[in-house]
Amino acid sequence: MRDRVQRWVSSSCYIALRLVTNHRLLQSAMATTLPAIPAKRYFTIGEVADLCDVKPHVLRYWEQEFAQLKPMKRRGNRRYYQHHEVLLVRRIRELLYSQGFTISGARNRLEDAVQTAAPSLTPEAIRTELLDIAKTLAI
1 MRDRVQRWVS SSCYIALRLV TNHRLLQSAM ATTLPAIPAK RYFTIGEVAD
51 LCDVKPHVLR YWEQEFAQLK PMKRRGNRRY YQHHEVLLVR RIRELLYSQG
101 FTISGARNRL EDAVQTAAPS LTPEAIRTEL LDIAKTLAI
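Numbering-wise, our numbering puts 82 at position 82 of the sequence shown, and it's gapless, one number per residue.
Hints listed in this document are in silico derivations from the structure and should not be mistaken for laboratory results. Careful, some of the hints might be misleading.
What the hints assert, rightly or not - Listed below are the simulated SDA-like cross-link pairs for lysine to any residue, each with C-alpha atoms no more than 25 Å apart in a straight line:
id: 1; residue 1: Lys73; residue 2: Asp50
id: 2; residue 1: Lys55; residue 2: Arg109
id: 3; residue 1: Lys40; residue 2: Leu87
id: 4; residue 1: Lys40; residue 2: Phe101
id: 5; residue 1: Lys70; residue 2: Gln82
id: 6; residue 1: Lys73; residue 2: Ile37
id: 7; residue 1: Lys40; residue 2: His83
id: 8; residue 1: Lys40; residue 2: His84
id: 9; residue 1: Lys55; residue 2: His84
id: 10; residue 1: Lys135; residue 2: Gln115
id: 11; residue 1: Lys40; residue 2: Asp50
id: 12; residue 1: Lys73; residue 2: His84
id: 13; residue 1: Lys73; residue 2: Ala125
id: 14; residue 1: Lys40; residue 2: Gln68
id: 15; residue 1: Lys135; residue 2: Arg109
id: 16; residue 1: Lys70; residue 2: Pro38
id: 17; residue 1: Lys70; residue 2: Leu34
id: 18; residue 1: Lys70; residue 2: Arg90
id: 19; residue 1: Lys40; residue 2: Lys70
id: 20; residue 1: Lys70; residue 2: Ala125
Stated by the list, open to error - Cβ pair distances, simulated, as ranges:
id: 21; residue 1: Ser104; residue 2: Thr44; range: 22 to 32 Å
id: 22; residue 1: Thr102; residue 2: Thr128; range: 37 to 47 Å
id: 23; residue 1: Thr122; residue 2: Ala36; range: 17 to 27 Å
As the structure is a computational prediction, the values presented were derived from the model and not from experiment. Yeah, the Cβ is synthetic: ideal placement off N, Cα and C, and Gly gets one too.
Please take these sequences and the hints and turn them into a complete structure.
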């Protein structure tokens, strides 16, 4: 009986160790460093896929799910992404793959970030701010 328990404990420990090792390998694979974004005005969907380590069909799907992601389309419905959209794709990738958000959770997180980053910029608020700056500079 004692031998059975020892074998069971040692095999359980082995399985647990393998799970932890596989989990660490998976995390390190997900945390791959992405290449630098070149100084270009427009990127094709293939270039963005390479820069963000996702496949083009995933980018097309994300365009449907995230309202902020709207690449320009030219002849033949070819997509051209700008620099800020490549950064947005990387942020979406981070939320989904690294932080474990669902699509709807990532969408909500991005919408919340936009709302907190851009306070109400009414013309009156801008005018007041400019007058305050002018007073400060005049002194």
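> Hey, Lys40 versus Leu87, does the alpha-carbon distance stay inside 25 Å?
Replying inline: holds, 13 Å
> Falls inside 22 to 32 Å, the C-beta gap from Ser104 to Thr44?
Replying inline: holds, 29 Å
>> Does Gln68 sit within 25 Å of Lys40, going by the straight-line distance between their CA atoms?
In response: holds, 20 Å
> If you draw a straight line from the CA of Lys73 to the CA of Ile37, is it 25 Å or shorter?
Replying inline: It holds: about 21 Å lies between the C-alpha atoms, which stays within 25 Å.
> Cβ-Cβ distance between Thr122 and Ala36: within 17 to 27 Å?
Replying inline: 38 Å Cβ-Cβ, so the 17 to 27 Å window is violated.
>> Just to be careful, I want the Cα atoms of Lys70 and Ala125 compared with a cutoff of 25 Å; is the pair within it?
In response: Distance ~29 Å between Lys70 and Ala125 Cα, so the pair is violated.
> If you draw a straight line from the CA of Lys73 to the CA of Ala125, is it 25 Å or shorter?
Replying inline: Distance ~36 Å between Lys73 and Ala125 Cα, so the pair is violated.
> Within 25 Å, alpha carbon to alpha carbon, are Lys73 and His84?
Replying inline: Holds, at about 16 Å.
>> Check whether the Cα positions of Lys135 and Arg109 lie no farther apart than 25 Å.
In response: violated, 38 Å
> Is the Cα-Cα distance between Lys70 and Arg90 25 Å or less?
Replying inline: Given pair Lys70, Arg90 holds - Cα atoms ~14 Å apart, limit 25 Å.
> Taking 25 Å as the top limit, are the C-alpha atoms of Lys55 and Arg109 close enough?
Replying inline: holds, 23 Å
> Is Lys55 within 25 Å of His84, Cα to Cα?
Replying inline: Within the cut-off at roughly 19 Å; holds.
The structure does not agree with the numbered hints 4, 10, 13, 15, 20 and 23 stated previously, though it agrees with the rest.
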